[in-house]
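Engineer: Based on the hints, put chain B in the right spot on chain A.
Read off the chains here:
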Amino acid sequence: MKNTFRILKFLIIGILLFSCDDSLEQLPQDGLNAASAFRTVADLQAGLNTAYNDYDANTVIEFNSIFTDNTKLGIDNGGQQVPLHSLFLDETSGDSFDLWRTRYGMINNATRVIEAVDLITREDGDEDEVNHILGQAYALRAFAHFELFQYYTPDYLNPDGISVPAIDYIVTVEDNARNTVSEVLSLINEDLNTSSQLLDPSEAGNPIFINQDFITALRARISLFTADYSSALARANELIDDYPLANRDQYVDMFLDADNTEVIWKAQRVNGDQLAGGIWNFQNFGPFIEMSNSLYDLFDQDDVRFGVNYSEEFSNPNAGVYIIYKYPGSTFQYLSDMKTFRVSEMYLIRAEALARNQNFDDAESTLKQLRDARFGFDTDRPSFNNLNDALDFIVTERRLELAYEAHRYLDLKRLGLPLERADEDCSELSNACTLSPNDRRFTLPIPGAELNGNDLMIQNDGY
Amino acid sequence: MRTKFSGMLTLLLAFVVQLTFAQEKTISGLVTDDTGLPLPGVNVLVKDTNIGTQTDFDGNYSIIANPGQILVFSYQGFKKQELAIGQSNTLNVSLETDIAELEEVVILGYYDSKRETISSATTVVSAEQIESRPNGSFAQALQATSPGLNIATGNGQPGGNSVILLRGVSSINGNVEPLFIVDGVPVDEDNFRSINQADIETATVLKDAAATAIYGNRATGGVIVITTKRGKFGRKTEMSISSQTGYTNSQRLTFDIANSAQLLQIERREDVGVGGGNPGLGDFINNQVGIPLTGAPLTDSEIQQVAQTDTDWVDVLLRNGNFSNQNLSFRGGGENINFFTSLGYFEQEGQTRKSGLQRMTFRNNLDFKKDRLRINTSLTAGFSRNTIPSGIRQGGTSGALDNPFLAPYLSKPYLSPFNEDGSLNFQGDTDPANAAGFLNTPFITLNSSEYDTDMEEEIKVIGSINGTYDITDNLSASVQFGLDYTDEVATFIQPPELSIRGRNANDVSAEFQGFQFEQLRKDARLNLQSNITYANTFGDSHNVIFSGSTEYIYSELSGFSYNQTGLIPGLVGNGAGFVDGNTTEDPDGDGISDAYFYIPTLGSINFIVSQLSYFGRFAYDYDLKYGIDFTIRRDASSRFSEENRWGTFGAVGAFWNISRENFLLDSQTISNLKLRGSYGVTGNDRIEGGYYGGLDVIYDLYSTESAYTGAVGLAPSKLANPQAEWETTYQANIGLDFGLFQNKITGSVDVYDRTTENLFVNVPNTLISGDPLETLAEDEFSNISANSGTLSNKGVEGVIRWNVSNTEDFRLSLFANGSYNKNEIEELPGSVENDFGEIILDDTQRTPEIVGSAFNTFYAVRWAGVNPNDGTPLYLDRDGNVTSVYDINNRVNTGKSSVPVYQGGFGFDISYKGFSLSNQWSFTADVYRYNNTLGVTEDPTLISIANVSTSVLRAWNSPGDITDIPSLDSGATRNLLTDRYLENSSYLRLRNAVFAYNFQPEVAEKLGLNRMRVYAQAENWITFTSWRGFDPEFDPFTPSDFFGYPNARTISFGIDITL
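For the record, the sequence lines run as chains A and B.
Residue numbering for the first sequence follows this note's numbering, starting at 690 and increasing by one per position.
Residue numbering for the second sequence follows this note's numbering, starting at 2 and increasing by one per position.
The shape of chain A in the complex, shown without the other chains (with noise of 0.2 Å):
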């Protein structure tokens, strides 16, 4: 009997120790787990695919082109994108919440990349591919930030003005408050250098991949954003000297993917991505949303960028139908790759950083380069007496050149320009011909549902 009783007392004993948590931990067996999802450098790879898949040109474009004065509503509407092109924006918006939740999605992917170069079993020589990978990963991230900055934030020039949420770790459920201007320029500015330290220069010459280049033009775009002039006046000018402009052929085969001339980067898109050109167009052109008469108007026949926007075959000018043309597509219709950052956009903010410090003469003269360029003959220099002028000419010439590039918004809003449309562009609709430049939908509403998800998130004023 005492050894029974001494067994029962081991037992118990040992049941009471038996309370190591380890037995509590178990991995679930269905799925990978981040752990097991990242054991590879080609792992790391697959991962910062998925965040370079998650930028979405396509609302962009979208929003830049239906909620100004490029576009006006196509013969072949029923109904679609009506309340974008009548300027309607709230929290329901369809365009604020994709540019919101793929944007985000790129940070949140970009930086599981970045976390996951702990996770995986690295060997000697894997060095500059997994630094690769880890640069692309941090640009990318930047490149999110500075989007969401730049149609979420009402006042770029005010340090302490409220911007977004700048996120550098893995969000699941966490709740996130808005951070001020600085603190998400610094975060991207503290992304876009680690990404250009870690960045493998002899990556360079594919503009479908990130590389220095790829930095050194957003930098110039960030520098624009922020007034800082100088500073985009030497990023302009480094890739100005070099990327040469594309001549006339080149500029149209660059919009039919066979050129990269003057492409800094594009993302590539293939079978099973977004199609641009369906924007706009059902199949075959047919249009809901056409180029605006005020655009087209603008156009000088001559100029090549004219026939790479607009249709001849497509168009009947006649009636007042006006196709846009910019995405026709190489392998099929409408498949086109996004030409992010080119060039002339460099030449453009070149001239606009000369403007701003009274360098008229240089201004000119880059936009004349320009103009030249794409009228494949010696154009009439334009003449500024003062910045006014200067900018009335850029912001025209950057329509022309950026049209349907997901900048006119963003324009207007940065230059505090009213949008005027034409009366034959906004004449079905009611009150939808004007924005004044203090209206607040030249700010974008947070989405509804970052709302209803995040206690924390206030949205824009007059929302």
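Bear in mind the hints are in silico, worked out from the structure with no lab data behind them.
A virtual CB, placed ideally from N, CA and C, is assigned to each residue, including glycine.
Keep in mind that a hint or two might mislead.
Said to hold, decoys possible - The following label-pair restraints were derived from C-beta to C-beta distances:
id: 1; chain 1: B; residue 1: N890; chain 2: A; residue 2: D1061; range: 57 to 65 Å
id: 2; chain 1: A; residue 1: E872; chain 2: B; residue 2: V833; range: 24 to 32 Å
id: 3; chain 1: B; residue 1: F384; chain 2: A; residue 2: E818; range: 55 to 63 Å
id: 4; chain 1: A; residue 1: N960; chain 2: B; residue 2: R253; range: 43 to 51 Å
id: 5; chain 1: A; residue 1: Q972; chain 2: B; residue 2: K523; range: 49 to 57 Å
id: 6; chain 1: B; residue 1: G582; chain 2: A; residue 2: E879; range: 53 to 61 Å
Said to hold, decoys possible - Per the computed footprint, the stretches of chain A lying under chain B, defined by three or more beta-carbons under 8 Å from a beta-carbon of chain B, are:
id: 7; stretch: 721–730
id: 8; stretch: 859–873
id: 9; stretch: 1002–1011
id: 10; stretch: 1035–1041
Stated by the list, open to error - Sample of chain A residues with no beta-carbon within 10 Å of chain B, all distances over it, derived:
id: 11; residue: E714
id: 12; residue: Q715
id: 13; residue: G736
id: 14; residue: Y741
id: 15; residue: D743
id: 16; residue: N766
id: 17; residue: R790
id: 18; residue: Y793
id: 19; residue: G850
id: 20; residue: P890
id: 21; residue: Q957
id: 22; residue: V959
id: 23; residue: K1057
id: 24; residue: F1066
id: 25; residue: N1074
id: 26; residue: R1103
Structural biologist: Chain B only, in chain A's frame:
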């Protein structure tokens, strides 16, 4: 001092004995229980003396006493009896069972407690109410036995699962069913088909927090503690045989479906099908109807001719199933050991072809005690084979054409079920274009039930071993190991050739057809407990119990499955018949054999969940008059992250036995009165419901996708919620137990308030969490399940029993129990208010959760009948105005839920001499279900392919018609979110009735038996309901009826023998 005193006493006694010596004699006799069974070990004492003895193994005693003295017979569980010694030297005694005393000890799982000291709401269901019930799953027998316990069986397949709700629905997505403990082992609450109900001794239903808190992490839905039969020490071995046989059939369909003539007229009116003279129905239909279909609608005389065939498909497809239940058990015990051993065989055929359950069970319970050591083992092993027609599958509902509960509604009655030779037609239309078509519905059903296999075979072992050592008289320690092991093999075969499904299982151009699926699953749930208890009584009346325990649970489910398409005819059901996966064919005839048709698909799963707990209990009472007890429990679950892993639960309870107060001691009216109260909190880690559900809640999961440049991408596919934590339920309970007029009337009343917080529900999530795959739904990560939400159940329940007469020859008792439960979703903080001020979780459902309403409340556009002018449906808009436009924004809260508000049971037991009749009725009220089955039979768009309800005959036809059925041209309405088919599914059902005869002991004895009983029993025999269909009883989590398997009615006859 004490020694001295007893010494003197002995002297005194010796003197008394000497004085009375002359008159004394030896009295002997037999002590039996009220059924005539000898009782060994009965204490026999000469009153007011210390002369005593015990009965031997055969119940015999002998004692020396004087005439005129009184013998006192006492035995635990029986009423004490005093008999005066007369002239006779023989004194046989039959002791009466003391019901009050038997109930005294209530098994509460981790500990037992005297009835009088329980502060919690508990109900004990005895073996008689369970053991001979003809159900494949014993849980069904618990329906209506305990107030507040709602058992709804929505699947009439023998052994089908029941939804068990104790005091309402306590979670939206999490587990809501009670924890089942069998002999100390927690077992799967969804699977009882391999457990033999004849082995069950008692089922104790623990409802309030004071009782359930000790089960902490799993007790939010309440606890049902099952104990099985055990032997008794010092008892002769007895053998019991019970044999039961009977048959099972279907409930009656409570609405009419059209006969041939009616259907043909409707078809003619709609110009479809045979009635419309459609010439394109194929040769088979043409032959069946026997007249040429030319495109012209049938004439009246043609209809008459075709309608000569008028098949009632209910008769063809449903059947009387046989039922048989045989049990053999032995129980007995010696001084140190006792045992209970049983063997059982159960077989029940379902209401339709191929449906059935076969079960063999074995049990051995063993108790050993020696000195301070007690060891108890319980072991049962069961093997069951569950077969079902492949068209309905194990879930008990299906929209497949071969669902045998769909086919009776929808099969055309003018088709004959027979071949010309009178045999059943298992093929119908053999034209490949029509064989799987709607018109062939009844034949596909017959075909599947004849040729296809859908079977689950299961081995279940539940065992426990418990060792207790009494370290001192007051301190004991125990350890227990328990196991619930289930090994299940599911087999699904659709053979090639004769099976319609099987011969179309593969690509049409593949040479080999046929399909086989098998799945093997092993589910082992291990449980290890240890406990130290200290119990003592101070100063006669201060009773104290302390106990401390640990518990560790480890459960693992692993499984493997495969699908094989392509079977070699003649080798079906065997791997040898699988066409090799590498086989290629050349269906396009280009000379290259490059088509793979036979590659099997494989699956493998593994889930592990574990829990670790510490808990303690302290109970104190003063002279059984006042008492208080505290329980505290710390639980950790592997489901949660380290920060949220541990939850603390506990309860406090108190009682006051008012009837023990002096002012009531002599009361003639009030014989027992006890006031109880408790408050406590329990947790639920099964936040996504299933035992192995929600194991990945706290983990991000990744999957691969086609990403940038078409290269492989790695993206999160599921978002972690690292903040997930326990759902917690707070429950307050106040109860009153009473006994009036010498406990002739007994009963109890309880009121409770249960509030569940931290409900794990879908809430909007920050979009900053990123969108995973652009190709998936846009809002993939914009919603996530999180602990957000509160619901409550408030209710009253009562039980009463009146023993009208309790004489030896005539006994009559009446009993009733009932409960009212009001469920309310109180808060859904994550959900956003809609334009009408309603906060609704996922309003795309027919029964979404609405703040301020009950769980599963129907949210519907109100149906307003039929427009007499044009026969179109009318609806009410939100403001109650009639509109002809169906708009989901006009949905309103109907206030009707699929969970009953009222439920209960009642009945009486009457016996006269050996005859007895007992019955039990159960009811539910204020419960609603959407009748999609009826909706299909009234859907005018299906007339060409299906039979219809006779109500379709009164469809609107011409302006001015006042009717409830819209014009047959107005389209289908059944799938609209309206209340058109929302029906009251309340019912009153004769759950069980038994008429029995107990043979008189002397008759039994002549046959060499101790006891013999014969009986006839009816189960679910009578139902009153306004529900239209087969069966109003349903699973409240399936609020829309769609050709479900109804509950069976069973008649059985049985005989119980003990020798």
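Engineer: Is the distance from the Cβ of N960(A) to the Cβ of R253(B) consistent with 43 to 51 Å?
Structural biologist: 60 Å, violated
Engineer: In terms of beta carbon proximity below 8 Å, does the stretch 721–730 of chain A have 3 or more residues touching chain B?
Structural biologist: holds (count 5)
Engineer: State whether the coverage of the stretch 1002–1011 of chain A by chain B holds or is violated, taking the criterion as 3 or more residues with Cβ-Cβ distances under 8 Å.
Structural biologist: Answer violated; 0 residues pass the 8 Å Cβ test.
Engineer: According to the definition I'm using, a residue is off the interface if its beta carbon is farther than 10 Å from all beta carbons of the partner; does Q715(A) meet that for chain B?
Structural biologist: 4 Å, violated
Engineer: Do at least three Cβ atoms from the stretch 1035–1041 of chain A come closer than 8 Å to Cβ atoms of chain B?
Structural biologist: It is violated: at least three residues are needed, and the stretch 1035–1041 of chain A offers just 0 whose Cβ sits closer than 8 Å to chain B.
Engineer: Test the statement that R1103(A) is away from the interface with chain B: the closest C-beta pair must be farther apart than 10 Å.
Structural biologist: Non-interface label stands for R1103(A): nearest chain B Cβ at 25 Å, farther than 10 Å.
Engineer: How does the Cβ-Cβ distance of F384(B) and E818(A) compare with 55 to 63 Å: does it lie in that range?
Structural biologist: 59 Å, holds
Engineer: Quick one: work out the minimum CB distance from F1066(A) to chain B and report holds if it exceeds 10 Å, violated otherwise.
Structural biologist: Fine: 38 Å to the nearest Cβ keeps F1066(A) off the interface.
Engineer: Going by Cβ atoms, does Y741(A) stay more than 10 Å from chain B at every point?
Structural biologist: 4 Å, violated
Engineer: Since N1074(A) was said not to touch the interface, does its Cβ keep a gap of more than 10 Å from each Cβ of chain B?
Structural biologist: The assertion about N1074(A) holds, with a minimum of 48 Å to chain B.
Engineer: Evaluate the given range 53 to 61 Å for the C-beta pair formed by G582(B) and E879(A).
Structural biologist: 54 Å, holds
Engineer: Could you check that no beta carbon of chain B comes within 10 Å of the beta carbon of Y793(A)?
Structural biologist: 5 Å, violated
When the structure is compared with the earlier hints, violations turn up for hints 4, 9, 10, 11, 12, 13, 14, 15, 17, 18, 21, 22 and for no others.
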